[in-house]
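Participant: One-letter residues, chain by chain:
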Amino acid sequence: MPSIEFQRPKTVEEAVALLAGHEDSRCIAGGQTLVAMINAGLVAPKFLISIEEISELRSIENKDDSIRIGAAVTHREVASYVGLLGSNQIIREAAAVIAHPAIRNFGTMGGALAHGDPASDYPTAAVAADGTVEIAGAGVRRTVAASDFFLDYLTTALEPGEMVTALILPRASVGSAGHYLKFSRVDGDYAIVSIGVTLTLSNGVCTRACLAAGGLGSRPLWCAEADAALCDTRCDDPAISRAARHLLDIADPVDDVRASADYRRALLPKLLRRAVRNIVSRQDAERADG
Amino acid sequence: MNIEEHFTIPAPIERVWAFIRDPDRVAPCIPGCESVETISATSYRSTIAVALGPIKARFVVVVEITDEKPPTRLTCVTKGEEGGRASMISATSELRLVETSEGKTEVHCTSEVSIVGRLGKFGLGIMKKRAAHLAGEFAGAVQQRMQVANA
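For the record, the sequence lines run as chains A and B. Take the first sequence: its letter number 289 is residue 296 in my numbering, and every next letter is one higher. Take the second sequence: its letter number 131 is residue 231 in my numbering, and every next letter is one higher.
Since the hints were made in silico from the structure, they are not lab data. Warning: the hint list may mix true and false statements.
As the list claims (entries may be wrong) - Pairs of lysine to any residue residues, derived as SDA-like cross-links and limited to a Cα-Cα distance of at most 25 Å, are as follows:
(1) K156(B) with F13(A)
(2) K221(B) with V264(A)
(3) K53(A) with E105(B)
Nothing here was measured: the structure is a model prediction, and the numbers come from that model.
Isolated chain A, as found in the complex:
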C-alpha cells in the first residue's frame, strides 16, 4: 500500500488550506468508513487531514435559535446529548442506532454527512430535522439545507477543497417531536429502510411535518407534497398513506443483499405509519403524565 501523509491542523482555516494545497487529500475524523474504504482499495487518498484537534468542531453549542453539532462530535456524544429536545430528538435517536458502540465512539457527524451514504442514518435524520450543513472552503463559510446537500450515492454538495464543519438544527418549537425509525436485518447493520419524522402537534392536529426516508434511492427521500399531506390532519391512516404515496413517487430503491427493491417499497408506508404513531402515542402519554 502506498504511504499516506497525515496532518493534524488546529483550526478549520489550516485544514482547508491543507485540503486545497494537496491533491488526493481528504479529511479524516473517526475514520470508521474512510479507513475501511482505504483498506478495501476503493479510495486511495495521498494526504489525510485529521480534524480531531480542531476545537470548534468538537463541541455541541446550544444557542438561542439553533443547536450546532460540530463535525468531529462522535455519534456517542450526540446520542447522549440531552439538549436535543422536541423535533431534534430525531438526531439523538439516529445517533443511537448507527452501527455498534465501538463505531459510535469514533464515528462523527461530519464524517457521516460528508460520506453521503443514503442507507446510513444521519442523512435521513438531518433532512427530517430540517437541518443545515455548514461547510468551510478557502476563505468562506457557507450553509446548505440538508435536503439540498445529498445529491447522489456518496455524492454531496461539497466542492473540492471544502469540508463539513457542522450540522445546524433549528431550535425545536413547542409541541414538536422527532423520531427516527430504522428497519434493518440485524442491529448495527445499514438500514433496509429508515424513516425520519418531525411533527408539531397542536391538540392532536398536525401543524407542521417533515418526513424523510432512507434506503429508497440515491439520496434521502423528501418532498414538500408528503409533508403537506400530513399537515392539518390528525395524522390518521389515510393522511399517512397519502404522504407515503408521495414519497414512493420519488423512490428509486436498489435490489441488493439486504432486500429487493419491491420489498423496500412495500416497507415504506408501513414504517411511516409506525413512526408517526410512535410520535403521537408518545405525545399522548406525555400529556397524560403532565
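Let chain A serve as the given structure and place chain B on it in line with the hints.
Facilitator: Relative to chain A, chain B alone:
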C-alpha cells in the same frame, strides 16, 4: 449482474445502425470514454473512466464484436481491467434495433456483466443503478448527435 436498457432514437434504423457501428461517432456518446482505438473491423480498445463519489476507476477494455446482422442485431464481448489488475470486468452484450412505424428506432441492450477485484466488493444494487444512469446519458447523447446530424 444483468443489465437491460432500452431507448428510442428519432431516426430510421439504417442511420442508427451506421452511427452505432462508427467508433468515432459513437465514442463521444459513451459517458467517461476517453479514447477508442480500432484494432480490426470488429474489435476496438477503449479507455473508460467511471466514478461514484470518491470512488474512481479507469478501465482499459477490448470490445470484440462476435456476431452482427445489420441493421438489427449485434453481439459483443467486452473484457478489461483497471491498471494493476485492481479489478477486472467482463461482459457479454446484445444490441437489438427495432424500427417503429413512424421512422423511429428502438434500441434494446442487454448485458451480462461481471466485475471482480476491488470494485467487486461494492454493492451490485448501486452499480446497476449507475449502469442505468450511464445508459440514459448515452441515449441522450446519441439522440442529440443524431439530431444535429439531421439539421
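Participant: List, from low to high, the hint numbers that the structure doesn't satisfy.
Facilitator: 3
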